[in-house]
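Please work from the sequences and hints to get the whole structure.
Below, each chain spelled out in residue letters.
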Amino acid sequence: MILAVAGGKGGVGKSTVALNLGAQLDAVVVDADLGMADLAARRGPDLHDVLAGRADPVEAVREDGPVALLPCGRTLAGARAGDVTRLVDAVESVAEAYGTVVVDCPAGMAADAGMPLLTADASVLVAAPQAFALADALRTRALARELDAGLAAVALNRTAGDPPTGKLRRALGAPIVAIPDDDRVRRAQRQGCPVSTVASESEPARRFRELAAEVDGSLSA
Amino acid sequence: MVDLDWRVESRADVSLVTLVVDNPTATPRRVRVANRLDGPVRPPRSEGVPESGWDDGGFEGVVPAGGTRPLGYASPAPPDEPPVELVWTERAGSTVSADSERERAVSEESPEGVVRALGDARPPADAVPTASPDVDPDSADTDSRRSP
Chain A
8 MILAVAGGKG GVGKSTVALN LGAQLDAVVV DADLGMADLA ARRGPDLHDV LAGRADPVEA
68 VREDGPVALL PCGRTLAGAR AGDVTRLVDA VESVAEAYGT VVVDCPAGMA ADAGMPLLTA
128 DASVLVAAPQ AFALADALRT RALARELDAG LAAVALNRTA GDPPTGKLRR ALGAPIVAIP
188 DDDRVRRAQR QGCPVSTVAS ESEPARRFRE LAAEVDGSLS A
Chain B
-12 MVDLDWRVES RADVSLVTLV VDNPTATPRR VRVANRLDGP VRPPRSEGVP ESGWDDGGFE
48 GVVPAGGTRP LGYASPAPPD EPPVELVWTE RAGSTVSADS ERERAVSEES PEGVVRALGD
108 ARPPADAVPT ASPDVDPDSA DTDSRRSP
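Those protein sequences? They're chains A and B, same order as listed.
Under this note's numbering, the first residue of the first sequence is numbered 8, with each subsequent residue one higher.
Under this note's numbering, the first residue of the second sequence is numbered -12, with each subsequent residue one higher.
None of these hints come from the bench; they were simulated from the model.
It is possible that some hints are incorrect.
[Said to hold, decoys possible] Derived DEER-like restraints, expressed as beta-carbon distance ranges: (1) Glu96/B to Ser225/A: 18 to 26 Å; (2) Asp223/A to Pro69/B: 55 to 63 Å; (3) Ala142/A to Pro31/B: 28 to 36 Å; (4) Asp107/B to Glu103/A: 26 to 34 Å; (5) Glu72/B to Gly60/A: 28 to 36 Å; (6) Pro31/B to Tyr105/A: 34 to 42 Å.
[To be verified] Heads up, incomplete: computed chain A residues facing chain B, CB under 7 Å, no partners named: (7) Leu83; (8) Ala84; (9) Ala86; (10) Thr92; (11) Val95; (12) Ala117; (13) Gly121; (14) Met122; (15) Leu125.
All of these numbers come straight from a predicted model, not from anything done at the bench.
From the three backbone atoms N, C-alpha and C, an ideal C-beta is built for every residue, glycine too.
Structure below.
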């Protein structure tokens, strides 16, 4: 199963949701943010090498972290050298070898954001709770639908107080899971860890489990 | 029947082939136009990927009923006459109506279709710092002297 974590807008927490969702679904997280990768990586082949035809996608998966990860390089030269059309085969090879793949999509609406949606079976949208972030979410949802990566759930990230989930549910037509703003999520993310490894009974950890259950439910339905 | 009008001209050792496929019949027809020049086909591109319908050997696509389809490509081969041939034509299915195509941002669900529709996201070549071997030897020397 291939799941794309998308969202149009940058800085809404796509990488955080991808990592935590990957942990819950026991998946490989592919960092497809080709120009601005932010999931921690050590030495070794990365997605830039895979897209340039220099490395095998399955061999580039690291299993030594808390979540299996296909990291992405951070150089402009690497981002320039790769052929984004290879992403589809790369992600499918990893899914064949590992079962479940969560793809962390880049921001924007260019080909690098569209390619993961083309290969995905379903998508999770990450949106900020501000009204202006909704327009990007709607555009990304339209593209995901067109590329047959139907919307499984929406993660409303870093909410405070009582977010308008009912209204959003009607606007976006998918289950909304609000993930409260919590410093433990950020601290865990900096170490490349899902929040469940540092605070498994915290509210955010519980909400990520809920998000994973929504994804499972929508895919089995 | 389907009619093919061609013109070929040579500029800087590249042959430029201009084509018009004319379909005077009352049904849309799918056609295949093959390159006959002694060289590879350089098809028109969007965002770095060949336009829909083009492959190594030529073009395949639908010409609407009573309509024409202009085409063109280049080849690094000497001009020859005729530069192309109409290999086959057949009645095109009517499953793809103009209506269903209208609202779509990505008209073709393939990796190349996504790149064509959404645009190449790679950083521009000018933004990528190039390795400058002329500058480095000095600093490399200093480094090697410094290291034990």
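To see whether the hints hold, each was checked on the structure:
1. As the Cβ distance of Glu96/B to Ser225/A is approximately 21 Å, the hint placing it in 18 to 26 Å holds.
2. Roughly 60 Å separates the CB atoms of Asp223/A and Pro69/B, a value that falls within the hinted 55 to 63 Å.
3. Between Ala142/A and Pro31/B the Cβ separation comes to about 34 Å, which falls inside the hinted range of 28 to 36 Å.
4. For the pair Asp107/B and Glu103/A, the supplied restraint of 26 to 34 Å holds, since their beta-carbon distance comes to about 28 Å.
5. Roughly 35 Å separates the CB atoms of Glu72/B and Gly60/A, a value that falls within the hinted 28 to 36 Å.
6. A beta carbon spacing of about 39 Å between Pro31/B and Tyr105/A agrees with the range 34 to 42 Å that was offered as a hint.
7. Interface hint at Leu83/A: satisfied, since its Cβ lies 5 Å from the closest Cβ of chain B, which is below the 7 Å cut-off.
8. A distance limit of 7 Å between C-beta atoms decides the matter here; for Ala84/A the minimum to chain B is near 5 Å, and the interface restraint holds.
9. Given hint, Ala86/A at the interface with chain B, holds; its Cβ is 5 Å from that chain's nearest Cβ, closer than 7 Å.
10. Because the closest C-beta pair between Thr92/A and chain B is about 4 Å apart, less than 7 Å, the hint holds.
11. Hint status for Val95/A: holds, given a least beta-carbon distance of 5 Å to chain B, under 7 Å.
12. Nearest Cβ of chain B to the Cβ of Ala117/A: about 4 Å, under the 7 Å cut. The hint holds.
13. Annotation: interface hint on Gly121/A holds; nearest CB of chain B at approximately 4 Å, less than 7 Å.
14. Interface restraint check: Met122/A against chain B, minimum CB-CB distance 6 Å, threshold 7 Å, status holds.
15. Nearest Cβ of chain B to the Cβ of Leu125/A: about 5 Å, under the 7 Å cut. The hint holds.
Checked against the numbered hints given earlier, the structure satisfies every one of them.
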